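Chemist: Now for the letters of each chain:
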Amino acid sequence: MAQAGRLRDSRRDGGATKQTMKISPTWVREFVDLKVDDRKLAEELTLTGTAVESIGADGVFEMEITTNRPDCMNHYGVARECSAIYDAALKPIQPHVPKAQGKANFSIEIEDAQGCARYTARIVRGVKIGSSPARIAERLAGVDQRAINNIADASNYTLWEMGHPTHAFDLDLLQGGKIVVRRARAGETLKTLDGAERKLSPEDLIIADANRPVALAGVMGGFDTMITERTRNVLIESAWFDPVAVRKTSRRHGMHTDASHRFERGADFAATTVACARVVRLIVESAGGELVGEEIDTVARRIGRAPVPLSRAEVLRILGEEIEQTEVERILRRLGFGVTPGRAAVAVSTRSASPGSGGVRAAVAEEAATYTIEIPSWRLDVEREIDVIEEIARVHGYNQFANTLPVFSGSVVEHTDAAKDERLRSRALALGYNQAISLTFISEQDARQFSSAAGVELENPISDEARFLRNSMLPGMLEMLGWNLNRGNDDVRLFEMGDVFELAGANVEEHKHLCLGATGNAEAAGVHRAPRACSFFDLKGDVETLLAAFEHQTLYYDAHAADYYHPGRSARAVMDGATVARFGQLHPEIAAARKLRQDAYVAEIYLDRLYQHGLRQVRYEALPRYPAVERDFSFIFGDRVTYEQIRAAVEALRIGELRRFVPVEIFRDGAIPAGRYSLLLRATFQSDERTLRDDEVALWSSQIIKTLQRLGGALRAS
Amino acid sequence: MPGRTGEGACAYVVYLDTRMYQVSKLTDYSPAALDKAVAELTSALEQECTVVKNEAEWKALRDRWMARKNGILTQVNELWLKVAPGEAKREVGRRVNELRTHVETDVVAAQERMAGRAAGGKLAAEQLDITLPGIRRPIGARHPVLQAMHDVVSVFKSMGYSVEEGPEVETDYYNFEALNFPPDHPARDTQDTIFLAGQEKKPARDRLLLRTHTSPVQIRTMQKYPPPVRVVCPGKVHRHDTPDASHSPLFHQIEGLAVDTNITFCDLKGTLDHAMKALFGSSVKTRFYPSFFPFTEPSADVQISCPFCGGKGCRTCKQSGWIELLGCGMVDPNVFGFVRHNGYDPAKISGFAFGMGADRVAMLRYGIDDIQLLFQGDVRFLEQFA
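Residue numbers (the numbering used here), protein chains in the order written: chain A, 1 to 718; chain B, 1 to 386.
FYI, nobody ran anything at the bench for these hints, they're computed from the structure.
On a predicted model such as this, the values are computed, not experimentally measured, just so you know.
It cannot be assumed that every hint is accurate.
List of simulated lysine to any residue pairs, SDA-like, C-alpha gap at most 20 Å [what the hints assert, rightly or not]: (1) K59(B) - H102(B); (2) K277(B) - K420(A); (3) K512(A) - D538(A); (4) K540(A) - R427(A); (5) K512(A) - W483(A); (6) K157(B) - K22(A); (7) K22(A) - E43(A); (8) K248(A) - R185(A); (9) K236(B) - N403(A); (10) K224(B) - D417(A); (11) K248(A) - G166(B); (12) K40(A) - W322(B); (13) K236(B) - E43(A); (14) K512(A) - E165(B); (15) K53(B) - R68(B); (16) K595(A) - Q376(B); (17) K420(A) - H102(B).
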């Protein structure tokens with residue numbers, strides 16, 4: 001069966017929900033006299049809500065009908081729209097049915113009134129199965145509906161003409177002279193028209209004869225009772241099935257048919273008899289036979305449509321412009337709504353006129369300004385005043401309304417993290433990192449390798465390699481670095497800001513992270529200079545630059561990174577006691593396993609923790625008025641002495657005038673014994689109050705030397 | 001100063017041609033004859049001063065004119081003044097004194113000019129081929145999608161909107177139920193939802209999924225703040241889509257919401273028309289046509305006239321002259337029903353909501369024809385946006 005294709009493209013931007021189907025304008029014009037040409041018609045249908053996406057070479061419209069408008073998923077429904085747009089009369093469908101002979105001797109029982117509100121049936125005996133007349137076959141071919149035989153085609157023709165799904169059974173194959181609409185029993189099975197043997201669930205709404213299931217209600221008929229070349233007598237089913245029941249059954253069995261598509265969205269409760277008669281009429285015309293017995297119309301419950309009050313004041317309040325009374329009435333009547341000026345008694349009591357003097361006059365004004373709207377049986381989507389207002393607006397034409405700007409009384413609330421995000425982003429960009437976005441999904445292996453946090457698994461992943469939500473930004477970053485290296489992009493710097501996900505009991509926590517990735521040269525090769533490969537210290541400098549944007553008391557780096565880093569070339573940053581970053585060279589084994597052909601340097605910055613700190617507040621410091629004095633110290637240290645120890649030891653001297661203390665040169669090998677290194681340190685002394693005296697500087701220098709000697713350093717020269 | 005016979009005189013003679021000025025005896029001491037002789041001499045002096053190029057040449061020049069022994073000034077003294085008749089001596093003497101000053105001034109000036117030219121030579125040696133490419137410090141590029149998002153948000157911020165964010169993992173309640181998607185409604189099918197595993201035991205509304213749109217932020221915002229509100233919410237959304245040139249399981253949306261007393265459909269139209277003009281240029285037109293979203297009523301899709309061809313029809317707009325960009329509508333009263341306790345009485349307030357795809361805006365703006373490029377991190381792609 002022709003299945004409504006899914007068109008997604010642009011539709012997804014606002015989450016719009018549409019389906020495409022073919023509608024022939026020639027067929028539509030059978031029901032309404034239109035003067036416009038097809039192209040103009042297509043445009044005006046689109047502008048009023050039944051969108052024509054394209055016009056085929058054969059002139060057939062490819063239409064997108066939103067899920068709330070099953071009434072337009074057929075030619076008569078589209079004709080009704082045309083009737084409203086052009087204020088033209090809609091011709092009724094009143095099939096002429098031949099006089100019935102004899103009695104049907106058949107009964108319909110609805111056991112499940114919730115699932116089936118109405119079941120209308122007719123019997124035609126003595127049909128001759130064959131192919132449909134060319135007129136029918138061509139019409140069906142035009143809407144991509146394959147012709148089957150004259151009975152099935154009559155049913156399909158009716159579906160495409162007026163939208164109500166019907167089904168034809170081979171009457172002689174129905175056992176016990178009755179149809180029962182019920183839920184399936186445990187263990188029951190049904191071979192459907194498509195040949196599939198289906199195990200039925202007790203929740204499935206089915207059509208049964210006296211003994212067994214013969215159809216999945218509203219979804220598909222049964223194989224064993226279908227029309228075949230041997231069929232002589234047929235029973236035509238035209239029913240109203242509950243949308244939720246049909247949807248559950250069709251989902252459970254993974255079936256989506258033209259019938260289920262319409263029943264799920266809501267069929268027309270009043271259309272069962274007309275549709276049934278229409279099928280009979282077509283069968284008699286194309287397959288002969290005679291109608292036996294009167295229509296069997298079993299109503300288990302009525303699908304009523306409560307009238308809706310419509311106030312002109314509400315139309316104005318929502319739409320912002322008056323629409324003329326005659327226009328309102330014309331639009332609604334053409335769409336099949338009943339329009340009665342004045343408010344129905346029930347409705348008035350819910351919104352009484354304002355008390356006080358002039359009550360009579362107010363009541364009169366209210367009278368003129370309100371309507372009671374009767375909702376047509378095919379418009380299950382309209383049940384409130386606002387729904388009626390939409391009908392008026394869309395047919396009136398959205399583009400008829402003025403463009404105004406609202407007067408606003410609120411205040412602007414700045415998103416608290418926005419400034420921090422922007423500060424980090426601009427620094428990362430200035431450092432030469434390109435902003436990237438990687439996918440949110442990672443493999444189970446990656447979820448275990450790069451985080452100790454419990455991973456969040458998906459029920460229906462896109463692929464097996466994407467079964468987890470990322471609990472680290474690294475897999476995505478490494479994927480992107482690898483992508484570049486595999487394409488000859490050797491010098492890569494990327495950063496990504498985004499959320500990682502971890503399971504916290506029954507809930508999921510989202511933490512905002514920033515990830516840096518760098519490989520290749522820190523300084524590219526060029527005509528003016530030699531290249532310089534990216535190193536741990538390039539990355540560390542970049543991390544320092546990012547962290548420096550935030551207020552903090554203490555910040556130190558130690559070697560407690562994580563096992564996916566190179567053990568000797570990685571670090572973590574601890575700001576005021578909290579780990580705010582880990583970074584370094586990716587462990588070579590992991591790099592090899594991921595086929596990265598260059599060293600990769602990566603950093604993870606935990607923004608949820610970093611953002612506990614405010615952005616650094618700049619405070620001006622007076623420029624120095626007295627000259628600075630520099631002293632260099634050349635030491636040899638054992639390898640186990642770290643710079644941090646040296647720095648901390650000198651800091652512990654608390655020399656107020658020591659303004660700067662930095663390593664200037666580091667040197668190993670050559671004249672330096674193995675296991676030791678030479679370090680040139682530079683101290684800058686300065687006072688805000690006076691020019692320093694030589695003896696002071698000499699004293700501080702000797703303190704520094706003594707301290708460094710206590711660390712095991714040997715002074716080379718001074 | 002003068003007084004030495006420079007060795008450079010020989011070299012000097014070598015390059016000076018034979019037509020060099022020679023001092024000759026005066027035969028006529030009339031003022032006119034004196035004028036002529038002085039003019040010849042000064043003309044030669046100026047000529048020789050201008051050609052001095054280096055220190056050696058300058059020394060040769062100095063000695064030729066000012067050497068005490070046989071310098072030109074000395075010769076003038078000998079040949080003009082000493083032999084002059086008595087009555088002319090006074091006049092000739094005055095002229096010779098003038099000449100002395102003149103020569104000294106010119107020779108010193110020649111030295112200064114020569115020194116300046118030498119310095120120019122040093123700078124000339126430092127000349128670079130300035131047509132070689134410069135050393136560029138790489139700067140990173142903002143991602144085109146995030147740039148588009150930033151631009152859209154900026155437009156709305158300038159119109160008084162606040163920025164809100166919401167979680168990417170949402171509950172069924174926020175993603176669907178409170179947005180008026182009833183359970184088991186076909187409208188849910190089109191959302192291609194990705195669900196989290198292990199949710200079966202929870203009540204349906206608490207089950208977790210990846211938000212399929214940024215619209216849940218509408219509900220979260222209205223729970224957080226009573227009316228009036230005016231927010232935009234940029235963010236990531238996910239759907240169960242197989243990646244291809246126009247589909248990605250990850251994409252970006254910007255949601256907007258304005259609720260107040262007396263917000264109308266005309267306001268919705270005006271706001272989006274203004275925003276589209278701010279984003280795509282003031283000549284861009286908007287066109288609204290009906291659509292369906294469970295959480296708005298009336299609902300609309302918005303097209304803009306193609307900013308690339310001005311509506312004439314081109315590849316970008318598929319020859320239609322229009323590009324679909326937004327979904328929007330008036331907030332459905334049922335949605336207000338979920339936040340009524342926070343002051344959202346649909347009889348008193350009204351509002352509009354809209355959503356647009358940031359990826360789509362970026363792709364349109366830069367002519368990107370494959371959405372996958374956005375999420376590969378390929379620097380050849382990203383660097384184009386620097």
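Chemist: Could you run down the list of hints and mark each one as holding or not?
Modeler: How the hints compare with the structure:
Pair hint K59(B) plus H102(B) holds up; C-alpha atoms about 17 Å apart against a cutoff of 20 Å. Straight-line distance between C-alpha atoms of K277(B) and K420(A) comes to about 30 Å, which puts the hinted pair past the 20 Å bound. A C-alpha spacing of about 24 Å is found between K512(A) and D538(A), which places the hinted pair above 20 Å, so the restraint is violated. About 14 Å separates the Cα atoms of K540(A) and R427(A), which keeps this hinted pair within 20 Å; it holds.
Proximity of K512(A) to W483(A) is assessed by CA-CA distance (about 24 Å); at most 20 Å being required, the pair is judged violated. A C-alpha spacing of about 43 Å is found between K157(B) and K22(A), which places the hinted pair above 20 Å, so the restraint is violated. Of the pairs offered as hints, the one joining K22(A) and E43(A) holds, with about 16 Å between alpha carbons and a cut-off of 20 Å not exceeded. This hinted pair checks out: K248(A) and R185(A) have alpha carbons roughly 16 Å apart, not beyond 20 Å.
A C-alpha spacing of about 30 Å is found between K236(B) and N403(A), which places the hinted pair above 20 Å, so the restraint is violated. Proximity of K224(B) to D417(A) is assessed by CA-CA distance (about 17 Å); at most 20 Å being required, the pair is judged to hold. Between the alpha carbons of K248(A) and G166(B) the distance comes to roughly 31 Å, so the proposed pair goes past 20 Å and is violated. Straight-line distance between C-alpha atoms of K40(A) and W322(B) comes to about 16 Å, which keeps the hinted pair within the 20 Å bound.
Straight-line distance between C-alpha atoms of K236(B) and E43(A) comes to about 34 Å, which puts the hinted pair past the 20 Å bound. Between K512(A) and E165(B) the CA atoms are separated by roughly 12 Å; this keeps the pair inside 20 Å, and the hint holds. Between the alpha carbons of K53(B) and R68(B) the distance comes to roughly 24 Å, so the proposed pair goes past 20 Å and is violated. Restraint check for K595(A) and Q376(B): the C-alpha separation of about 17 Å stays at or below 20 Å, so the hint holds.
Our distance criterion of 20 Å between C-alpha atoms is broken by K420(A) and H102(B), whose separation comes to about 75 Å.
Against the hints set out earlier in the document, violations occur for numbers 2, 3, 5, 6, 9, 11, 13, 15 and 17.
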